[in-house]
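Undergrad: Working from the sequences, and respecting the hints, build out all of it.
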Amino acid sequence: MNWIKKIFGELFGLFVDDGAFALAILVWLGIIGCASFYFGFSSIRTAGVLFVGLALILIESTIRYARRQHTEQK
Amino acid sequence: MDIGWAHTGTSVIASFFASLVECVEALTVVLAVGSVRGWRSTLAGTVIAIALLLAIVAVLGKVLAHIPLAIIQFVVGTLLLLFGLRWLRKAILRSARLLPLHNEEAAFQKSSMAMRTAHGINASWDKVAFAAAFNITMLEGAEVVFIVIAIGAGSAEALLSASLGAAAALLTVIALGFMLHRPLARVPENTLKFAVGVLLSAFGTFWVGEGMHLAWPAADWSILMLVVAYFAVALLSVRLCRSQSQSIPTNAARYQ
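These protein sequence lines map, in sequence, to chains Y and V. Oh and the first sequence: position 32 is 32 in the numbering used here, straight run, nothing missing. Oh and the second sequence: position 65 is 1065 in the numbering used here, straight run, nothing missing.
Worth double-checking, as some hints may not be accurate.
[What the hints assert, rightly or not] Pulled from the structure, derived: some chain V residues nowhere near chain Y, Cβ distances all over 10 Å: (1) Ile1013; (2) Ala1058; (3) Leu1069; (4) Leu1164; (5) Leu1171.
[Unchecked claim] Per label pair, the in silico range of CB-to-CB distance: (6) Ser43(Y) / Thr1172(V): 36 to 46 Å; (7) Ser43(Y) / Ser1035(V): 50 to 60 Å; (8) Glu1157(V) / Leu56(Y): 32 to 42 Å; (9) Lys1127(V) / Arg68(Y): 37 to 47 Å; (10) Thr1191(V) / Gly13(Y): 54 to 64 Å; (11) Tyr38(Y) / Thr1191(V): 39 to 49 Å; (12) Leu1180(V) / Phe41(Y): 49 to 59 Å; (13) Lys6(Y) / Gly1009(V): 32 to 42 Å; (14) Ala1215(V) / Asp18(Y): 28 to 38 Å; (15) Gly48(Y) / Trp1039(V): 50 to 60 Å.
These are computed hints drawn from the structure, not numbers from a lab. Here the structure is a predicted model, which means the values were calculated and not measured. Using N, Cα and C, we set each Cβ at its ideal position, and we do this for glycine too.
TA: Dropping the structure here:
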């Protein structure tokens, strides 16, 4: 049964590595989801906004990591 | 949902390369176990794990057919985004030399050492070899199963395309393993992970958008547009990270 626990642990690790990064993605999807579901924003522009938000989250997370390394080096 | 070439082609390619990375990692450990402990129990563990994984794909494929498509697209797309963007983030940090590269040769040596020191090496039925091969195949295979189901979540055709891509990757790695009897250390793993991260992130974004009923320009061809856009963003991130780390000359040297 130990291998089942290991697989579930491994599966969780597949999706969450940096907690803040995963949370930011989920929050952004929630915002766009609400905008689409409750306010009917479902145009091509909304799809573009979805991508831009995710791209910014990715860039911010990698730069934050690089800065953290920089601070640790100091 | 009727899927076009843009969708089928990218499904096969994304599934092939993502599965290739996982299969290479599993092969490294299976080769280490087999070469130290013998092949009978090692191959038995590997084959049983693969059979179990195929059964999981078949069962999940049937279960997914009964769930409304928009829900599948949203849930699977979200998971695929978390998975793909995490993978892409790691590949960016490795390209910027902020994280060490994965080394198959070192992993092979480490696994070989662990297998040599484990007991029961001369037994006719080697439980250690069986368990080690079974575990690594299940662990890496579970990732492949997720990738296949996530990429193929849209329809039976997409699931078939993704499955074919994964099967081709498995056969390629098995053939190379038989021919070389060595870990595939020369596979440019980070480059593959970079490309796969881009593909999976593009698929994830597309699925989530479909699940939210967002309008995509050019329908399925939007996947290719997202691939190009994520690739550009990833390259930009690498540059930005490098510019951050250039002020730390010892940092790059650490991972040489």
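Undergrad: Classify the label on Leu1069(V) as holds or violated, using whether its beta-carbon is more than 10 Å from each beta-carbon of chain Y.
TA: holds, 16 Å
Undergrad: Taking the beta carbons of Glu1157(V) and Leu56(Y), is their distance inside 32 to 42 Å?
TA: holds, 34 Å
Undergrad: Holds or violated: the 39 to 49 Å window for the beta-carbon distance between Tyr38(Y) and Thr1191(V)?
TA: Since Tyr38(Y) and Thr1191(V) have Cβ atoms about 42 Å apart, the given range 39 to 49 Å holds.
Undergrad: Between the beta carbons of Leu1180(V) and Phe41(Y), is the distance compatible with 49 to 59 Å?
TA: holds, 53 Å
Undergrad: Report holds if the minimum CB distance from Ala1058(V) to chain Y is greater than 10 Å, and violated otherwise.
TA: holds, 18 Å
Undergrad: Using the C-beta atoms of Ser43(Y) and Thr1172(V), is the stated range 36 to 46 Å upheld?
TA: The hint (36 to 46 Å, Cβ to Cβ) holds, given that Ser43(Y) and Thr1172(V) are roughly 42 Å apart.
Undergrad: Over 10 Å to the closest beta carbon of chain Y is the bar; see if Ile1013(V) clears it.
TA: Correct as stated: the minimum Cβ-Cβ distance to chain Y is 20 Å, above 10 Å.
Undergrad: Starting from the hint 50 to 60 Å, judge whether the C-beta atoms of Gly48(Y) and Trp1039(V) obey it.
TA: Holds, since Gly48(Y) and Trp1039(V) (Cβ atoms, about 53 Å apart) stay within the stated range.
Undergrad: When you take the CB atoms of Thr1191(V) and Gly13(Y), is the distance between them in 54 to 64 Å?
TA: violated, 23 Å
Undergrad: Does the Cβ pair Ala1215(V), Asp18(Y) satisfy 28 to 38 Å?
TA: holds, 31 Å
Undergrad: Take the C-beta atom of Lys1127(V) and the C-beta atom of Arg68(Y), compute their distance, and say whether it sits inside 37 to 47 Å.
TA: holds, 44 Å
Undergrad: Would you check whether the claim that Leu1164(V) is not at the interface survives, using Cβ distances to chain Y and the 10 Å cut-off?
TA: Answer for Leu1164(V): holds, closest chain Y Cβ roughly 22 Å.
Violation of the numbered hints given earlier is confined to hint 10; every other hint is satisfied by the structure.
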